[in-house]
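Turn these sequences into a full structure, and let the hints guide you.
Start counting the sequence shown at 1; every next residue gets the next number (full-length UniProt numbering).
It cannot be assumed that every hint is accurate.
What the hints assert, rightly or not - Dumping the calculated SDA-like pairs for lysine to any residue here, alpha-carbon to alpha-carbon at most 25 Å: (1) Lys-130 with Gly-143; (2) Lys-299 with Ser-381; (3) Lys-162 with Thr-179; (4) Lys-130 with Arg-198; (5) Lys-299 with Gln-315; (6) Lys-162 with Phe-172; (7) Lys-130 with Pro-187; (8) Lys-299 with Gly-88; (9) Lys-299 with Arg-316; (10) Lys-162 with Ala-190; (11) Lys-130 with Asp-203; (12) Lys-130 with Ala-190; (13) Lys-299 with Ala-387; (14) Lys-299 with Gln-241; (15) Lys-130 with Ala-145; (16) Lys-130 with Leu-514; (17) Lys-130 with Arg-211; (18) Lys-299 with Pro-392; (19) Lys-162 with Asp-182; (20) Lys-130 with Glu-194; (21) Lys-130 with Leu-117; (22) Lys-130 with Glu-142; (23) Lys-162 with Val-173; (24) Lys-162 with Ala-206; (25) Lys-162 with Leu-90; (26) Lys-130 with Arg-230; (27) Lys-162 with Leu-117; (28) Lys-299 with Ala-313; (29) Lys-299 with Asp-93; (30) Lys-130 with Arg-153; (31) Lys-130 with Met-25; (32) Lys-130 with Ile-119; (33) Lys-130 with Glu-21; (34) Lys-162 with Asp-203; (35) Lys-130 with Ala-368; (36) Lys-299 with Ala-389; (37) Lys-162 with Ala-145; (38) Lys-299 with Arg-235.
Keep in mind the hints are simulated off the structure, nothing from the lab.
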Amino acid sequence: MIETAVSDHGLVVAPHPAAAETGRMILIEGGNAYEAAVAMAATAAVARGDVAGLGGDGLWLAREPSGVVRAIDACGTPARGATRAGFGALGYDAIPRRGAMAALAAPGAVEGWRLALEIAAACGGRLPLKVLFADAIRLAREGVALSAGFAARLSEAAGDLKPQPGFAAAFFVDDRPLTAGDALVQPRLADALEHLARAGLNDFYAGDVGRELAADLERLGAPLTRDDLRRVDARLRRPLQVPLAGGIAYGARPQGLGALALLGIADRLGLADDRDAGFIHGLSEASTRAAHLRDRAEKDRDSDLDTALGADALQREADAVDPRRASPPELGFRGEGAWFGVVDAEGRAVSVVQTLHDPFGAGCLSLATGVLIHNGGAGLSLDPDAAHALEPGARPPLGVTPGLATLSARGDLLVFGGGAEAQAAAASRRIRFGRGVGDALGGPRGRLVHGALRVEPRFDGEALDRLERMGHRVELSGEAYDRAQGAAGLIARSASGRSEGGADPRDDGAALGL
Numbered sequence: 001m002i003e004t005a006v007s008d009h010g011l012v013v014a015p016h017p018a019a020a021e022t023g024r025m026i027l028i029e030g031g032n033a034y035e036a037a038v039a040m041a042a043t044a045a046v047a048r049g050d051v052a053g054l055g056g057d058g059l060w061l062a063r064e065p066s067g068v069v070r071a072i073d074a075c076g077t078p079a080r081g082a083t084r085a086g087f088g089a090l091g092y093d094a095i096p097r098r099g100a101m102a103a104l105a106a107p108g109a110v111e112g113w114r115l116a117l118e119i120a121a122a123c124g125g126r127l128p129l130k131v132l133f134a135d136a137i138r139l140a141r142e143g144v145a146l147s148a149g150f151a152a153r154l155s156e157a158a159g160d161l162k163p164q165p166g167f168a169a170a171f172f173v174d175d176r177p178l179t180a181g182d183a184l185v186q187p188r189l190a191d192a193l194e195h196l197a198r199a200g201l202n203d204f205y206a207g208d209v210g211r212e213l214a215a216d217l218e219r220l221g222a223p224l225t226r227d228d229l230r231r232v233d234a235r236l237r238r239p240l241q242v243p244l245a246g247g248i249a250y251g252a253r254p255q256g257l258g259a260l261a262l263l264g265i266a267d268r269l270g271l272a273d274d275r276d277a278g279f280i281h282g283l284s285e286a287s288t289r290a291a292h293l294r295d296r297a298e299k300d301r302d303s304d305l306d307t308a309l310g311a312d313a314l315q316r317e318a319d320a321v322d323p324r325r326a327s328p329p330e331l332g333f334r335g336e337g338a339w340f341g342v343v344d345a346e347g348r349a350v351s352v353v354q355t356l357h358d359p360f361g362a363g364c365l366s367l368a369t370g371v372l373i374h375n376g377g378a379g380l381s382l383d384p385d386a387a388h389a390l391e392p393g394a395r396p397p398l399g400v401t402p403g404l405a406t407l408s409a410r411g412d413l414l415v416f417g418g419g420a421e422a423q424a425a426a427a428s429r430r431i432r433f434g435r436g437v438g439d440a441l442g443g444p445r446g447r448l449v450h451g452a453l454r455v456e457p458r459f460d461g462e463a464l465d466r467l468e469r470m471g472h473r474v475e476l477s478g479e480a481y482d483r484a485q486g487a488a489g490l491i492a493r494s495a496s497g498r499s500e501g502g503a504d505p506r507d508d509g510a511a512l513g514l
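Given below as structure tokens:
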């Protein structure tokens with residue numbers, strides 16, 4: 001049984017218990033959902049710096065009590081000096097995933113915090129940064145016990161990351177990577193957060209922190225410069241939306257297109273049971289179709305994203321799914337990140353992701369600031385005809401996104417997010433099959449991993465046999481809750497004002513209510 005939190009006065013879900021406690025305390029002190037989300041993001045940047053560091057990107061969705069939904073695009077774009085010709089001249093045929101040359105896109109997360117707090121102030125928010133950052137600063141300076149998920153990702157990436165300058169000094173002890181329960185102390189990150197609390201968030205880009213960060217990146221040989229940092233600009237955007245049988249789902253423009261399409265296609269497949277082979281097959285096929293739709297829209301710069309997510313377009317994609325036969329396996333969505341969800345006492349809801357794209361991003365650690373820089377630029381291509389070609393203003397694809405849904409029949413609000421496939425499974429179970437929050441998050445899943453359909457062992461043998469007869473190469477996970485499935489989170493708020501929330505048992509998150 002997955003433990004959930006219930007409250008009539010506000011609820012938070014975060015990727016680490018310390019971050020959830022931060023959010024809960026901000027709500028208790030009178031902060032609104034935006035302020036709680038920023039505070040949780042800061043604490044997670046310390047406690048879950050493997051996926052949610054300060055040097056990452058962010059996407060936000062928010063729904064006001066009036067029903068207005070807005071999105072914040074806080075994803076950086078490539079450095080001006082990062083060009084296809086430049087990489088070619090250095091002998092690259094693809095952008096590397098690790099090292100200095102992978103640090104080619106600016107980090108937008110902190111600029112997203114700034115814009116979110118600007119909106120928070122317009123909604124009556126008054127808490128200063130020193131209050132919002134207090135937990136993050138304390139944990140960075142005094143140390144935080146390494147979570148199981150952080151430790152697992154560090155162990156998996158240790159071979160790639162240990163050679164990166166400064167990385168081993170920060171995350172290794174006695175020539176081995178830190179393990180679960182070890183204390184992670186980050187004094188330079190504490191200093192940076194403390195300075196931002198005094199000087200303001202723009203200092204991360206145009207002030208002292210930005211100067212030190214840019215100087216370290218220059219010493220490492222990264223394409224990202226101080227001028228690139230100064231140009232970072234989070235934007236308010238009109239959210240994407242798709243019609244569902246039970247309501248409307250919203251996503252962040254533009255990178256939320258793929259995950260939203262996946263949910264919309266799955267909703268149109270007529271899935272009858274969320275615990276049989278048809279459910280796993282349907283979501284797997286919907287993931288492939290959604291990734292193709294996303295790539296087509298990205299390649300065609302003149303395409304209308306709203307038309308791409310229209311009912312007719314999604315139905316065509318659903319009709320192309322063969323319910324009895326698997327299509328060739330493809331990598332649809334990649335990357336990891338952290339999701340935060342908040343519903344405050346007024347009914348304001350915020351759904352946020354913060355991501356380094358791959359765990360630990362480029363592996364480039366700024367020794368002066370303790371900041372790891374994301375490697376989202378490695379998701380761009382040196383092929384000018386590719387869907388996600390490296391060019392000025394390009395935004396790398398994201399495999400983790402925030403979501404919201406309003407359910408017309410019951411008047412409920414659903415706040416969710418995480419990995420594209422994980423959130424589609426959880427949201428579908430809640431919206432289509434009426435599962436409780438715990439069952440929606442904890443139900444067995446399957447996901448394409450390296451060409452195989454990796455399935456959790458809680459499906460019965462008949463379901464697994466049927467998947468193989470459909471043409472899937474089935475790989476049975478050794479864990480009941482398999483981290484390779486990706487993590488999601490969920491808050492359901494009823495029309496009466498009661499909220500129930502939960503974190504995915506496959507990772508380190510927690511849900512807390514007031």
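Hint-by-hint comparison with the structure:
{"no.": "1", "hint": "Lys-130 with Gly-143", "verdict": "18 Å, holds"}
{"no.": "2", "hint": "Lys-299 with Ser-381", "verdict": "12 Å, holds"}
{"no.": "3", "hint": "Lys-162 with Thr-179", "verdict": "15 Å, holds"}
{"no.": "4", "hint": "Lys-130 with Arg-198", "verdict": "7 Å, holds"}
{"no.": "5", "hint": "Lys-299 with Gln-315", "verdict": "21 Å, holds"}
{"no.": "6", "hint": "Lys-162 with Phe-172", "verdict": "8 Å, holds"}
{"no.": "7", "hint": "Lys-130 with Pro-187", "verdict": "17 Å, holds"}
{"no.": "8", "hint": "Lys-299 with Gly-88", "verdict": "21 Å, holds"}
{"no.": "9", "hint": "Lys-299 with Arg-316", "verdict": "19 Å, holds"}
{"no.": "10", "hint": "Lys-162 with Ala-190", "verdict": "23 Å, holds"}
{"no.": "11", "hint": "Lys-130 with Asp-203", "verdict": "15 Å, holds"}
{"no.": "12", "hint": "Lys-130 with Ala-190", "verdict": "12 Å, holds"}
{"no.": "13", "hint": "Lys-299 with Ala-387", "verdict": "4 Å, holds"}
{"no.": "14", "hint": "Lys-299 with Gln-241", "verdict": "20 Å, holds"}
{"no.": "15", "hint": "Lys-130 with Ala-145", "verdict": "23 Å, holds"}
{"no.": "16", "hint": "Lys-130 with Leu-514", "verdict": "22 Å, holds"}
{"no.": "17", "hint": "Lys-130 with Arg-211", "verdict": "22 Å, holds"}
{"no.": "18", "hint": "Lys-299 with Pro-392", "verdict": "14 Å, holds"}
{"no.": "19", "hint": "Lys-162 with Asp-182", "verdict": "18 Å, holds"}
{"no.": "20", "hint": "Lys-130 with Glu-194", "verdict": "8 Å, holds"}
{"no.": "21", "hint": "Lys-130 with Leu-117", "verdict": "13 Å, holds"}
{"no.": "22", "hint": "Lys-130 with Glu-142", "verdict": "17 Å, holds"}
{"no.": "23", "hint": "Lys-162 with Val-173", "verdict": "11 Å, holds"}
{"no.": "24", "hint": "Lys-162 with Ala-206", "verdict": "30 Å, violated"}
{"no.": "25", "hint": "Lys-162 with Leu-90", "verdict": "24 Å, holds"}
{"no.": "26", "hint": "Lys-130 with Arg-230", "verdict": "23 Å, holds"}
{"no.": "27", "hint": "Lys-162 with Leu-117", "verdict": "36 Å, violated"}
{"no.": "28", "hint": "Lys-299 with Ala-313", "verdict": "17 Å, holds"}
{"no.": "29", "hint": "Lys-299 with Asp-93", "verdict": "20 Å, holds"}
{"no.": "30", "hint": "Lys-130 with Arg-153", "verdict": "31 Å, violated"}
{"no.": "31", "hint": "Lys-130 with Met-25", "verdict": "14 Å, holds"}
{"no.": "32", "hint": "Lys-130 with Ile-119", "verdict": "18 Å, holds"}
{"no.": "33", "hint": "Lys-130 with Glu-21", "verdict": "16 Å, holds"}
{"no.": "34", "hint": "Lys-162 with Asp-203", "verdict": "30 Å, violated"}
{"no.": "35", "hint": "Lys-130 with Ala-368", "verdict": "21 Å, holds"}
{"no.": "36", "hint": "Lys-299 with Ala-389", "verdict": "8 Å, holds"}
{"no.": "37", "hint": "Lys-162 with Ala-145", "verdict": "21 Å, holds"}
{"no.": "38", "hint": "Lys-299 with Arg-235", "verdict": "22 Å, holds"}
Violated hints for the displayed structure, listed by number in ascending order: 24, 27, 30, 34.
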